[in-house]
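Dock chain B against chain A, hints included.
One letter stands for each residue in the lines below.
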Amino acid sequence: AQKVTQAQTEISVVEKEDVTLDCVYETRDTTYYLFWYKQPPSGELVFLIRRNSFDEQNEISGRYSWNFQKSTSSFNFTITASQVVDSAVYFCALSVLYSSASKIIFGSGTRLSIRP
Amino acid sequence: GAVVSQHPSRVICKSGTSVKIECRSLDFQATTMFWYRQFPKKSLMLMATSNEGSKATYEQGVEKDKFLINHASLTLSTLTVTSAHPEDSSFYICSAKNGQEDATEAFFGQGTRLTVV
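Chains A and B, in that order, give the protein sequences.
Counting in this note's numbering, the first sequence runs from 2 upward without gaps.
Counting in this note's numbering, the second sequence runs from 602 upward without gaps.
In isolation and in its complexed conformation, chain A is listed as follows (with noise of 0.2 Å):
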């Protein structure tokens, strides 16, 4: 069974400060995509980033990055700098099949408030 885990329900911290939001998954496939998307109050969900289990590259985007450990099979997110309207729920995310039915498992959540 596939499962991810985001054991932080709710962050808040000061503008400009940096904020790290936890993901942690299970999954017996070796091939895996990992995902982060935001959904701000509006609802839609705004996709971030999307790994496969064969790249463990960390990546940096803007005041965005991320941090694939295999190891300890965490996906981590860290804003850098934070904004107020970087005030959203951020959902981690596993898919395990390469296949147009291969299915999205989110995390529980984590919302961040980013206070000015």
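Keep in mind that a hint or two might mislead.
[Stated by the list, open to error] The calculated DMTMM-like cross-link candidates involving lysine to aspartate or glutamate, where the alpha carbons are at most 20 Å apart (straight line), are:
#1 K4(A) <-> D30(A)
#2 K71(A) <-> E60(A)
#3 K4(A) <-> E660(B)
#4 K642(B) <-> E11(A)
#5 K615(B) <-> D666(B)
#6 K643(B) <-> E11(A)
#7 K665(B) <-> D689(B)
#8 K4(A) <-> D23(A)
#9 K643(B) <-> E45(A)
#10 K39(A) <-> D666(B)
#11 K642(B) <-> E45(A)
#12 K71(A) <-> E27(A)
#13 K71(A) <-> D23(A)
#14 K665(B) <-> E623(B)
#15 K4(A) <-> E706(B)
#16 K39(A) <-> E16(A)
#17 K656(B) <-> E623(B)
#18 K621(B) <-> E45(A)
#19 K643(B) <-> E688(B)
#20 K39(A) <-> E60(A)
#21 K39(A) <-> D23(A)
#22 K642(B) <-> D87(A)
#23 K642(B) <-> E706(B)
#24 K667(B) <-> E706(B)
#25 K643(B) <-> E660(B)
#26 K665(B) <-> E653(B)
#27 K621(B) <-> E653(B)
#28 K643(B) <-> D23(A)
#29 K39(A) <-> D19(A)
#30 K39(A) <-> E18(A)
#31 K17(A) <-> D87(A)
#32 K4(A) <-> E27(A)
#33 K667(B) <-> E688(B)
#34 K621(B) <-> D666(B)
#35 K643(B) <-> D87(A)
#36 K642(B) <-> D23(A)
[Stated by the list, open to error] Pair by pair, the computed Cβ-Cβ distance ranges are:
#37 T618(B) <-> N68(A): 43 to 51 Å
#38 K4(A) <-> G654(B): 47 to 55 Å
#39 K17(A) <-> K667(B): 45 to 53 Å
#40 N68(A) <-> Q630(B): 21 to 29 Å
Everything labelled a hint here was simulated from the structure, so no lab data went into it.
Model, not experiment: these values are computed from the prediction.
Backbone N, C-alpha and C define an ideal beta-carbon position, used for all residues, glycine too.
Relative to chain A, chain B alone:
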């Protein structure tokens, strides 16, 4: 990027009526679409996988007769909440995968907030 349009974005209906939610892939063909349900401050729970031209595959615990899914074309899937009750009030989101490209990336609709009164 690929666009998935979901309609309506909000709907309020009376208890006992049925509501249809549409999910369209605007610039690609989606052989598979997914329907998720999200309770307030909760995660997205997969309800069913919608396959074009065949019956949907429902997740355990999801009532097939309650949540009717039709995927009649490669660009449209519909979710009908039949005989809706207040406990069906929720946020419903669809997603679609482009069958012609990298099938691991799913594109999500804007979501539909259903309120049953």
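Structure-based check of each hint:
1. K4(A) <-> D30(A): Roughly 12 Å between the alpha carbons, so the hint for K4(A) and D30(A) holds.
2. K71(A) <-> E60(A): Holds, at roughly 15 Å.
3. K4(A) <-> E660(B): holds (15 Å)
4. K642(B) <-> E11(A): Satisfied, since the Cα-Cα distance of roughly 11 Å is no more than 20 Å.
5. K615(B) <-> D666(B): Answer holds: K615(B) to D666(B) is near 19 Å, not above 20 Å.
6. K643(B) <-> E11(A): Given pair K643(B), E11(A) holds - Cα atoms ~12 Å apart, limit 20 Å.
7. K665(B) <-> D689(B): OK: K665(B) and D689(B) at ~14 Å, within 20 Å.
8. K4(A) <-> D23(A): Roughly 14 Å separates the two Cα atoms, so the pair holds.
9. K643(B) <-> E45(A): holds (14 Å)
10. K39(A) <-> D666(B): violated (32 Å)
11. K642(B) <-> E45(A): holds (14 Å)
12. K71(A) <-> E27(A): Status holds; Cα separation ~10 Å.
13. K71(A) <-> D23(A): holds (14 Å)
14. K665(B) <-> E623(B): holds (17 Å)
15. K4(A) <-> E706(B): holds (18 Å)
16. K39(A) <-> E16(A): Holds: K39(A) and E16(A) sit about 18 Å apart, inside 20 Å.
17. K656(B) <-> E623(B): holds (17 Å)
18. K621(B) <-> E45(A): With Cα atoms ~19 Å apart, K621(B) and E45(A) stay inside 20 Å; holds.
19. K643(B) <-> E688(B): Within the cut-off at roughly 15 Å; holds.
20. K39(A) <-> E60(A): Holds, because 17 Å separates the two Cα atoms, which is no more than 20 Å.
21. K39(A) <-> D23(A): Answer holds: K39(A) to D23(A) is near 14 Å, not above 20 Å.
22. K642(B) <-> D87(A): Given pair K642(B), D87(A) holds - Cα atoms ~17 Å apart, limit 20 Å.
23. K642(B) <-> E706(B): violated (25 Å)
24. K667(B) <-> E706(B): violated (29 Å)
25. K643(B) <-> E660(B): Roughly 18 Å between the alpha carbons, so the hint for K643(B) and E660(B) holds.
26. K665(B) <-> E653(B): Since the Cα atoms of K665(B) and E653(B) sit roughly 17 Å apart, the hinted pair holds (cutoff 20 Å).
27. K621(B) <-> E653(B): Within the cut-off at roughly 17 Å; holds.
28. K643(B) <-> D23(A): Since the Cα atoms of K643(B) and D23(A) sit roughly 17 Å apart, the hinted pair holds (cutoff 20 Å).
29. K39(A) <-> D19(A): Since the Cα atoms of K39(A) and D19(A) sit roughly 17 Å apart, the hinted pair holds (cutoff 20 Å).
30. K39(A) <-> E18(A): holds (19 Å)
31. K17(A) <-> D87(A): Holds - the C-alpha atoms of D87(A) and K17(A) are around 11 Å apart, at most 20 Å.
32. K4(A) <-> E27(A): Roughly 5 Å separates the two Cα atoms, so the pair holds.
33. K667(B) <-> E688(B): At roughly 12 Å apart (the allowed maximum being 20 Å), E688(B) and K667(B) satisfy the hint.
34. K621(B) <-> D666(B): holds (14 Å)
35. K643(B) <-> D87(A): holds (19 Å)
36. K642(B) <-> D23(A): holds (18 Å)
37. T618(B) <-> N68(A): 43 to 51 Å: Holds, at about 48 Å.
38. K4(A) <-> G654(B): 47 to 55 Å: violated (32 Å)
39. K17(A) <-> K667(B): 45 to 53 Å: holds (48 Å)
40. N68(A) <-> Q630(B): 21 to 29 Å: violated (36 Å)
The structure fails to meet hints 10, 23, 24, 38, 40 from the earlier list, while all remaining hints are met.
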